[in-house]
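Listed below, chain by chain, are the residues.
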Amino acid sequence: MDYIVWKDLGPLTRLVMNQLHYLGLLFMIVAYSYKIYQIFQYPSAKEGTPPRGDHQKAIRYSYMTLAMPWELDTQKHHMYRYVEFALFHIAMAVGIGFAFILPMAHEFMKNSFIIGFSKLFFVLGFLIGISRLARRVYSPAMRRISTLDDYFCLMLLTLWMFSGILAAPLKSELFLFAYYFFATFFLFYVPFSKISHYVYFFFIKYYVGKHFGHRGTFPKKGSMPTVKNV
Amino acid sequence: MRQKSQNAIAFNESFKKRTNRQHVLSFAACAHCGTCNDSCHYFLATGDPKMTPAAKMDKIRQVYKAQKDWLGRLMPTWVGAKEIETDEELLELQDIVFGSCTGCRRCTFNCPFGVDTAALVGLARSCLVDLGYAPEGIKVVMKDQWEIGNQMGISKEEYLDTLEWVQEELQEEFGNPDYKVPIDKKGADFVYVVNPREIKYDPRSLQAAFKIFYYAGLDWTMGSEGWDNTNFGLFSGKADLGGHMGNLAYNHAKKLEVKRMIISECGHGLRSTKWEAPNWGKANPLPFEISSLLELMVDLINIGKIVLDPSKNPYPVTYHDPCNLSRSCGITEEPRFCLNRACVDFREMIPNRGDSYCCTGGGGAMSMSEYTGRRLEVAKVKADQIRKTGAAIVATACHNCVDGLSDVIKNYNLRYDYRDSKTPSLLRVCNVCELVAEAMVIPAEIKKTAAKAPQNAIKGKKVLVIDDEPDIIVFIETLLTDAGFKVVTANDGMTGLEKAKTEHPDLITLDITMPGKSGIQFFRELRSSAETANIPVFIITGAIDFRQLMYQKAVQAPDGFMMKPINPEVLLMTVNKILEKSVRNKTVVN
Chain A
430 MDYIVWKDLG PLTRLVMNQL HYLGLLFMIV AYSYKIYQIF QYPSAKEGTP
480 PRGDHQKAIR YSYMTLAMPW ELDTQKHHMY RYVEFALFHI AMAVGIGFAF
530 ILPMAHEFMK NSFIIGFSKL FFVLGFLIGI SRLARRVYSP AMRRISTLDD
580 YFCLMLLTLW MFSGILAAPL KSELFLFAYY FFATFFLFYV PFSKISHYVY
630 FFFIKYYVGK HFGHRGTFPK KGSMPTVKNV
Chain B
228 MRQKSQNAIA FNESFKKRTN RQHVLSFAAC AHCGTCNDSC HYFLATGDPK
278 MTPAAKMDKI RQVYKAQKDW LGRLMPTWVG AKEIETDEEL LELQDIVFGS
328 CTGCRRCTFN CPFGVDTAAL VGLARSCLVD LGYAPEGIKV VMKDQWEIGN
378 QMGISKEEYL DTLEWVQEEL QEEFGNPDYK VPIDKKGADF VYVVNPREIK
428 YDPRSLQAAF KIFYYAGLDW TMGSEGWDNT NFGLFSGKAD LGGHMGNLAY
478 NHAKKLEVKR MIISECGHGL RSTKWEAPNW GKANPLPFEI SSLLELMVDL
528 INIGKIVLDP SKNPYPVTYH DPCNLSRSCG ITEEPRFCLN RACVDFREMI
578 PNRGDSYCCT GGGGAMSMSE YTGRRLEVAK VKADQIRKTG AAIVATACHN
628 CVDGLSDVIK NYNLRYDYRD SKTPSLLRVC NVCELVAEAM VIPAEIKKTA
678 AKAPQNAIKG KKVLVIDDEP DIIVFIETLL TDAGFKVVTA NDGMTGLEKA
728 KTEHPDLITL DITMPGKSGI QFFRELRSSA ETANIPVFII TGAIDFRQLM
778 YQKAVQAPDG FMMKPINPEV LLMTVNKILE KSVRNKTVVN
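If you read the sequences in order, they're chains A and B.
If you count the first sequence from 1, position 72 lands on 501 in my numbering, and the numbers rise without skipping.
If you count the second sequence from 1, position 114 lands on 341 in my numbering, and the numbers rise without skipping.
With the rest of the complex left out, here is chain A (with noise of 0.2 Å):
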């Protein structure tokens, strides 16, 4: 089967690609302008007392954790699930990668190593999916704190993986359309839904760090004060 031409799509799936893509992203864009502006419309806690640690440097791990699984004294534990964590994240960021470089590079797109490595991990991100569903419907745990919307934005993200998987060969315009169907709705819908956490990140981690730093219990091993005189 030959790759799709790009000047042949049809008006409908321009019409996604192109403009409500975009159109959703500015969306995005505003929503959540809107939702860091309504965070620091609340009084910060304000910590007044001497500092026993260096900030900075307990910032920089609030946010370096994410990559240092050791420091988790439950990832630790638990490996695999951390690299599932890793490699979902990872296949999502590919994903929104290729819905935008993709209308901009559609020739550049068609390259085989390209098309390879976005199946790789089209194909992760769908089965980590079907795994993560899994463990949120049969674990008593999981399903404990799962609400509808963590059903439905896994769901989602999921069959999006799974259209990734067949529109990535850029061969099929009806696959190619579904992708991008998911992809928008994605830009209007996670806004509103707890797939926001990775805007928060960068907050939360910010205030963790400047929080433990200031006490010195970040970064976690500390070394020993310097002797004072008695």
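Calculated directly from the structure, the hints in this document are not laboratory data.
For glycine and all other residues, C-beta sits at the position ideal for the given N, C-alpha and C.
None of the hints are false.
Derived SDA-like pairs: lysine to any residue, alpha-carbon spacing no greater than 20 Å straight-line:
{"#": "1", "chain 1": "B", "residue 1": "689", "chain 2": "B", "residue 2": "709"}
{"#": "2", "chain 1": "B", "residue 1": "243", "chain 2": "A", "residue 2": "471"}
{"#": "3", "chain 1": "B", "residue 1": "637", "chain 2": "B", "residue 2": "699"}
{"#": "4", "chain 1": "A", "residue 1": "464", "chain 2": "B", "residue 2": "248"}
{"#": "5", "chain 1": "B", "residue 1": "244", "chain 2": "A", "residue 2": "474"}
{"#": "6", "chain 1": "A", "residue 1": "464", "chain 2": "B", "residue 2": "301"}
{"#": "7", "chain 1": "B", "residue 1": "231", "chain 2": "B", "residue 2": "313"}
{"#": "8", "chain 1": "B", "residue 1": "277", "chain 2": "A", "residue 2": "572"}
{"#": "9", "chain 1": "A", "residue 1": "548", "chain 2": "A", "residue 2": "433"}
{"#": "10", "chain 1": "B", "residue 1": "277", "chain 2": "A", "residue 2": "568"}
{"#": "11", "chain 1": "B", "residue 1": "780", "chain 2": "B", "residue 2": "745"}
{"#": "12", "chain 1": "B", "residue 1": "509", "chain 2": "A", "residue 2": "480"}
{"#": "13", "chain 1": "B", "residue 1": "383", "chain 2": "B", "residue 2": "452"}
{"#": "14", "chain 1": "B", "residue 1": "243", "chain 2": "B", "residue 2": "298"}
{"#": "15", "chain 1": "B", "residue 1": "295", "chain 2": "A", "residue 2": "463"}
Have a look at the derived ranges for each label pair, beta carbon to beta carbon:
{"#": "16", "chain 1": "A", "residue 1": "508", "chain 2": "B", "residue 2": "383", "range": "53 to 59 Å"}
{"#": "17", "chain 1": "A", "residue 1": "461", "chain 2": "B", "residue 2": "241", "range": "28 to 34 Å"}
{"#": "18", "chain 1": "B", "residue 1": "578", "chain 2": "A", "residue 2": "496", "range": "17 to 23 Å"}
Heads up, incomplete: computed chain A residues facing chain B, CB under 8 Å, no partners named:
{"#": "19", "residue": "475"}
{"#": "20", "residue": "476"}
{"#": "21", "residue": "503"}
We have chain A already, so just place chain B on it with the hints.
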């Protein structure tokens, strides 16, 4: 929609007003990933899905979502958004935030985002407390801190009396009749601020600290006011109380013009006094430094002011990291530095430092007797951790932890085989400073100048021993008789009450678990009768639920307690302390 109760409306309103930026981020960032599940001892021990940190916080988060989340306001069911509607829901929330979370922050350290569960619990607690939804023990302690200025309702006379008693004990130990515990010494290098438990029930850590200060030749003082480092502002979420308690200590320290404030070994005491209360009470900047006794001991060892001989502590010792010290104050290496030099065999508990599990007594749990059963059930995680170390002694740097761990050890029967007794003994729990004091090499230039002073004033005092176990009665009776006391005995609460009226004892030692009238019933009746209300009571028990008498204080609290098995040295020390204070008080009154 259901009609909301008045309390529910008030809760929702105050919740909305008190939510700050950090709370909002902790509410909004949770992705329900479940990483925190395995970090919580409540979930690990019970496997109950309701006990995961995320599940518990969702009970609070649902209110935030209903008030602020966009989808929560449009489609509440979709994201699990719901404001509190009934008084029953408030009770359920009370059970969660007071009875199912000690605010240890282990989940925060394990959350990929750092969702601060303890801060959210504090927010919910503060809103509940204002409406009267709090365990009785918390309410009583809050009242005592507001009205009397310390968590155990200790009067100034009783406080000074205890210091005097400790002074006399140390005069004997040091062989120095001129030794004085300095009180309100202006311009001293530091003021030592303590936990009321040390004053009221267990002055061993006080004695240990004073001994270290004496042999190191430090310039220090105790304050006659503002001496309580504990702060139920932290446990109740009430910043006004937190600020009040902090300011009591700061203002007195300012008056004394000290350079530093040293906090005795108390996890939440250090956290509150050093980190939280200056913010709550708007006391920043303070004109003095605040440090932990642990930091001071490190300095003293480092510069050679105290020299330690580890062979004086020959048995294996492990260290429990108090949550407030390790996760909220960054104090992890100092106790290890001390213990490695004070003990021959120091063993790490795994996991430790910022990953350590809670002793289960944090967050004010020791004062909430209604949750004792649950607390001990979830303590299995800690018990397993301790058991694996094979240690004989569990050292810690927090009085809450000392009590919490003692209960864990008792409940899970954790023993160490010393090989010189028939049966292995229950593990000992102590503060780090006690082991440091035990290991101290007494400087050669300090000569003992006086012999032990006899305690004639309490010789021949009558002690009523109430216990249903004949062996225990004989044991206590022998100990006390040998020490010069008269002893009468009773083997149940009923007989005990009669003898309390007819024999007019000077002190009663009381067991709690007895057939018929329990020790708790006995104690309440004794305290309720004018004839017997003022007889000092020393509780000696294996049961853990006696703590309600210490914290809820429907009647005046007991004068001392110790856990079985009986340590003869501690028993005699406590009996002496109670009787000497009682004699002194009577003399003052006369």
